[in-house]
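Quick note, the sequences are listed as chains Z and V, same order. Quick note: the first sequence uses the numbering used here, first residue 1, plus one each step. Quick note: the second sequence uses the numbering used here, first residue 1, plus one each step.
It is possible that part of the hints are untrue.
Put simply, identical chains are the same to the list, so a pair is met inside one copy or across any two.
Unchecked claim - Quick list of in silico lysine to aspartate or glutamate cross-link-like pairs, DMTMM-like style, CA-CA up to 20 Å:
| # | residue 1 | residue 2 |
| --- | --- | --- |
| 1 | 58 | 134 |
| 2 | 58 | 29 |
| 3 | 117 | 29 |
| 4 | 58 | 17 |
| 5 | 58 | 148 |
| 6 | 130 | 13 |
| 7 | 130 | 115 |
Keep in mind that the hints were calculated from the coordinates and are not lab data.
2 protein chains.
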Amino acid sequence: MNTVVGNGFICFEDLSEGMSASFSRTVTESDIVLFAGVSGDMNPVHLDAEYAQKTAFKGRIAHGMLSAAFISTVLGTKLPGPGTIYLAQSLQFRAPVRIGDTVTATCTVLALDAEKKRATLRTVCTVGGKPVVEGEALVLVPSRSAGEACASEGKAAAAA
Amino acid sequence: MNTVVGNGFICFEDLSEGMSASFSRTVTESDIVLFAGVSGDMNPVHLDAEYAQKTAFKGRIAHGMLSAAFISTVLGTKLPGPGTIYLAQSLQFRAPVRIGDTVTATCTVLALDAEKKRATLRTVCTVGGKPVVEGEALVLVPSRSAGEACASEGKAAAAA
Chain Z
1 MNTVVGNGFI CFEDLSEGMS ASFSRTVTES DIVLFAGVSG DMNPVHLDAE
51 YAQKTAFKGR IAHGMLSAAF ISTVLGTKLP GPGTIYLAQS LQFRAPVRIG
101 DTVTATCTVL ALDAEKKRAT LRTVCTVGGK PVVEGEALVL VPSRSAGEAC
151 ASEGKAAAAA
Chain V
1 MNTVVGNGFI CFEDLSEGMS ASFSRTVTES DIVLFAGVSG DMNPVHLDAE
51 YAQKTAFKGR IAHGMLSAAF ISTVLGTKLP GPGTIYLAQS LQFRAPVRIG
101 DTVTATCTVL ALDAEKKRAT LRTVCTVGGK PVVEGEALVL VPSRSAGEAC
151 ASEGKAAAAA
C-alpha cells in the first residue's frame, strides 16, 4: 500500500517505496512579480503582457523554477521533511504555467539506498492533472540509527 | 575564442560552442524570506536560526532553488535570452549558500543541435569561485531561418 504522508521529520528508516506527499499552490500575478524580483529573471515572457502575447505561449507564463521550488517545498517540509539534504534534481519542463493555474507538486519515493541513506523520488508538478514539470530528486535523509534528528517511531506511525 | 555575451535576444544561428554569460547576486536575508513566501518552502533550515545552528550546516542556508533560479535568469535574459524555451535542467547541489554569499551563475554553450534548434549549456553557480550548483540546461532557441524574433546579425555582432 502506498502511504500518503505530510508531517515531515521522517527518518530514513521510516521511508518506503511508494510513499508520497504533495503541495499545491495557485500561481498569482504577485508570485510571478516576486519571483522575478528575487531571482533577477526579468524575461519579458513573465512580465510584459504585450511581448508575451506575441510569443508561442500567447500570454505571460510563470518562471519554470517557481514550479521547481514547489518540489523543494515538498522535500524540505513534508517528505522526508526538515533535515533532508538536497543532492540533485532533474527537471523536464513539459508545459507552461499561467497566472491562476493551481500547481500540485508531488514527490513519490522510487528507491532507497540503505547504505548511503539516500532516497530517489519521482517529482511531478501538474496543473489540472497534466504534467508541467517532471523529474527526479536525490536526497540524503536523516537516520535514526545514526542518531540524527528525525521523528520518533511513534510520530512516524502517526504521520503515516 | 570563447565569447562572453550578455545582451540577450540571440538567434540560434549566432550561438557557438564556448559562448558564455553570467549573472551575479548577493543573497540577502530578504531574498530568503521572499523565496520562502513565494515557494511555500518554510523548511526551518532557511528560516529558524536556532534550529539551523544544530544542523550539519551550522546556520541558516538559502534555498537551493534560489541559485537554480539564477541559472534561469542567465538563460532567459542573457544567453540565449528572451524567446528561449526552457526544456530541461539538471542540478547537483554541491555546497550550501549562506546569507551574504555572492552567487555567480554562468552558462556556457556545450553543444548545438542545428536540426532541432536546441542548445545544451553547462550551468554552474559558484560562491568565491567554488561550485555550489552544477548541471546542464537544454533549451530551444529562436531561429532567424524560421523567421522567429531574435537579434539581427548586426545586433548579435555588437553583443559579441
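Status of the hints after comparison with the structure:
1. Taking the shortest Cα distances, residue 58 and residue 134 never come within 20 Å of each other, neither inside one copy (23 Å) nor across copies (32 Å).
2. For a Cα distance limit of 20 Å, the shortest separation of residue 58 from residue 29 inside one copy, 16 Å, qualifies, whereas the shortest one across copies, 36 Å, does not.
3. Proximity of residue 117 to residue 29 under the C-alpha cut-off of 20 Å is found in neither arrangement, the shortest distances being 39 Å within a copy and 31 Å between copies.
4. Taking identical chains as interchangeable, the C-alpha atoms of residue 58 and residue 17 are never at most 20 Å apart, the minima being 40 Å within one chain and 31 Å between chains.
5. Proximity of residue 58 to residue 148 under the C-alpha cut-off of 20 Å is restricted to the inter-copy arrangement: shortest distance 14 Å between copies versus 50 Å within a copy.
6. For the homomeric pair residue 130 and residue 13, neither the shortest alpha-carbon distance inside one copy (32 Å) nor that between copies (33 Å) is at most 20 Å.
7. Within a single copy, residue 130 and residue 115 get their C-alpha atoms no closer than 36 Å, and across copies no closer than 28 Å, so neither meets the 20 Å cut-off.
Hint compliance for this structure: hints 1, 3, 4, 6, 7 are broken, all remaining hints hold.
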